[in-house]
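> With the sequences and hints as input, model every part of the structure.
Number of protein chains: 2
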Amino acid sequence: MLFGALEAGGTKMVVAIGDGNGKILDRKSIPTTTPEETMPLIEEYFREWNQNKDHEIKALGVACFGPIDLDRNSDTYGYITSTPKTAWKNYNIVGELKDKLGIPVGFDTDVNGSLLGEATWGCARGLTDAIYLTIGTGIGGGVMSNGKLLHGMLHPELGHIRIGKLSSDPGECVCPYHKDCFEGLAAGPSIEKRWGKKGVELKDEAKVWELEAEYIGIALTDFVMTLSPQKIILGGGVMHQEQLFPMIRQAFEKYNAGYINADRLKYLDEYIVPASLNDDQGIMGAIKLAIDELDYQSHIGL
Amino acid sequence: MLFGALEAGGTKMVVAIGDGNGKILDRKSIPTTTPEETMPLIEEYFREWNQNKDHEIKALGVACFGPIDLDRNSDTYGYITSTPKTAWKNYNIVGELKDKLGIPVGFDTDVNGSLLGEATWGCARGLTDAIYLTIGTGIGGGVMSNGKLLHGMLHPELGHIRIGKLSSDPGECVCPYHKDCFEGLAAGPSIEKRWGKKGVELKDEAKVWELEAEYIGIALTDFVMTLSPQKIILGGGVMHQEQLFPMIRQAFEKYNAGYINADRLKYLDEYIVPASLNDDQGIMGAIKLAIDELDYQSHIGL
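Protein sequence lines correspond, in order, to chains A and B.
Positions in the first sequence are counted from 1; adding 181 to them yields the working numbering.
Positions in the second sequence are counted from 1; adding 181 to them yields the working numbering.
Among the hints, erroneous ones may be present.
Intra- or inter-copy, both count: the list cannot distinguish identical chains.
Cross-link-like lysine-lysine pairs, in silico, BS3-like; alpha carbons within 27 angstroms at most [stated by the list, open to error]: (1) LYS435 <-> LYS360; (2) LYS447 <-> LYS266; (3) LYS447 <-> LYS360; (4) LYS346 <-> LYS435; (5) LYS435 <-> LYS266; (6) LYS435 <-> LYS270; (7) LYS378 <-> LYS346; (8) LYS346 <-> LYS360; (9) LYS447 <-> LYS270.
Simulated from the structure, these hints should not be mistaken for lab results.
Remember, predicted model here, so these are calculated numbers, not experimental data.
Here you go:
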């Protein structure tokens, strides 16, 4: 059985066809402009596949930039809600796709999608509680808790915890909402504003990554205190600076200060890890969202 | 059917008998000294009940001070682990009770117990994601996530997130592990150290509670960003200062700064609330732990 996958990002939409084992058979990238321009191209991709191939896709999974409405009881379930990308604000992306393709559509955040990919076919397999954190132009996190993706009231916003500016920091928090939050102090734009250059041009500047590792270490400590994950997966542009991993593990130890004392923390290089699916975790997670939605529909259909 | 309940605290042990509706039929308080002195009194209470009453208790639930080992696959499952109460350090409380009483014993943290009580018979009924926070001599939190109590790697330690000392704070963090954590800045001992008197003697000092509400508001904002609860329940000695509730809601609004925009946040007096079960939430939660353990045992027995 085949499934459609859409990884919906602010700059590009990745569409793909996958099988029940997460294998990607075909994929294409479409620029994200406006719903009027972008959505017909997405729909055409899946419609063409279903017209020309022996094996039609039976469901579609969408891992979407946010914030989005994930509450199935809400009138605006399946909408992109208060995004700064104004063309997509209050846009019913799930309704549109269901309408035009006539198949079940699974839906979750982009970061929950990536985590689901890792939990199904990657380094978080077999775990019940895990975090996928992306650190790039923004900071977002997906959370699995008690074996299921965490939504709760809305969905986690791991980038906006308060972490407190360090006295060694010559910069400032750039978040328009918060004075001391993780994203505002540690995402790409704050690095660029603080040091006057983009992160990729600062690779050899030790002080840049020392401070960055401190902030990430503080945040991970807070996530261990609140979400108690069995593993923390770090992805996103900033994490391409691979020298950060050992520094982050060291900062985590410093800020945990021996307080949480669990077996898994004895092996931090297996606890705080890079994504394991060659940057396919998001699109593979979207395949799993499609599989799960088909399963969900058949259960409520009983 | 009847159930035994034990709310195990650092100063007293509350034992009780309850029915399947959470009704408490009998209860007794026993001082917490050492396992050698305290445990026989607990066991005697339940043994006597079973010898003298028509309806024996079929299982026991224990809501216990921590840290504790909740991992059923661990060699030390059911132990109190690295507590500063040295007589109870590495003590196998579940093993002892099972051994002496010969009935199934459910086990969780004291704060998860209180949350379970509220989720079963109190103000969190019907919710899938909620937090119970106790603010007293320490700060601890129970978390329900996706309909189940959250354990993950260990269990949450909500009192030890970093919240960052405010510049208006004349005191300091008193946590021996952390320089800027919630418990170290906002639990009873930090209030006493900062202002030179216990909280109960400071009721009319506005500045005391303004600062306290700020810290609690910051912490709740972080919990909303990470755990996305549908409700936050506040208990513990400090929360007997009821004037704090409106101040905390206001501080939460200040620190969230409109970032998380969910329907439930429009009604903060229903979102950030006091415990609803007349301080019986812990012991009622222990009854539910007993009920759930009996259910669990009968399932794995299939």
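> Against each hint, give a clear statement of whether it holds in the structure.
Do the hints match the structure? See the list:
1. With identical chains, the CA atoms of LYS435 and LYS360 are at most 27 angstroms apart both within one copy (24 angstroms) and between copies (11 angstroms).
2. Taking the closest pair of Cα atoms, LYS447 and LYS266 come within 27 angstroms of each other only across two copies (24 angstroms); inside a single copy the shortest separation is 43 angstroms, beyond that limit.
3. Only between protomers do LYS447 and LYS360 lie at most 27 angstroms apart by alpha-carbon distance; the minimum there is 23 angstroms, versus 34 angstroms within a single protomer.
4. In this assembly of identical chains, the alpha carbons of LYS346 and LYS435 lie at most 27 angstroms apart whether taken from the same copy (16 angstroms) or from different copies (18 angstroms).
5. Taking CA atoms no more than 27 angstroms apart as the test, LYS435 paired with LYS266 passes between copies only; the shortest distance there is 25 angstroms, against 38 angstroms inside one copy.
6. Taking CA atoms no more than 27 angstroms apart as the test, LYS435 paired with LYS270 passes between copies only; the shortest distance there is 25 angstroms, against 41 angstroms inside one copy.
7. In this assembly of identical chains, the alpha carbons of LYS378 and LYS346 lie at most 27 angstroms apart only when taken from the same copy (20 angstroms versus 31 angstroms across copies).
8. Taking CA atoms no more than 27 angstroms apart as the test, LYS346 paired with LYS360 passes in both settings, with 9 angstroms inside one copy and 13 angstroms between copies.
9. Taking the closest pair of Cα atoms, LYS447 and LYS270 come within 27 angstroms of each other only across two copies (20 angstroms); inside a single copy the shortest separation is 45 angstroms, beyond that limit.
The structure fails none of the hints (numbered hints given earlier).
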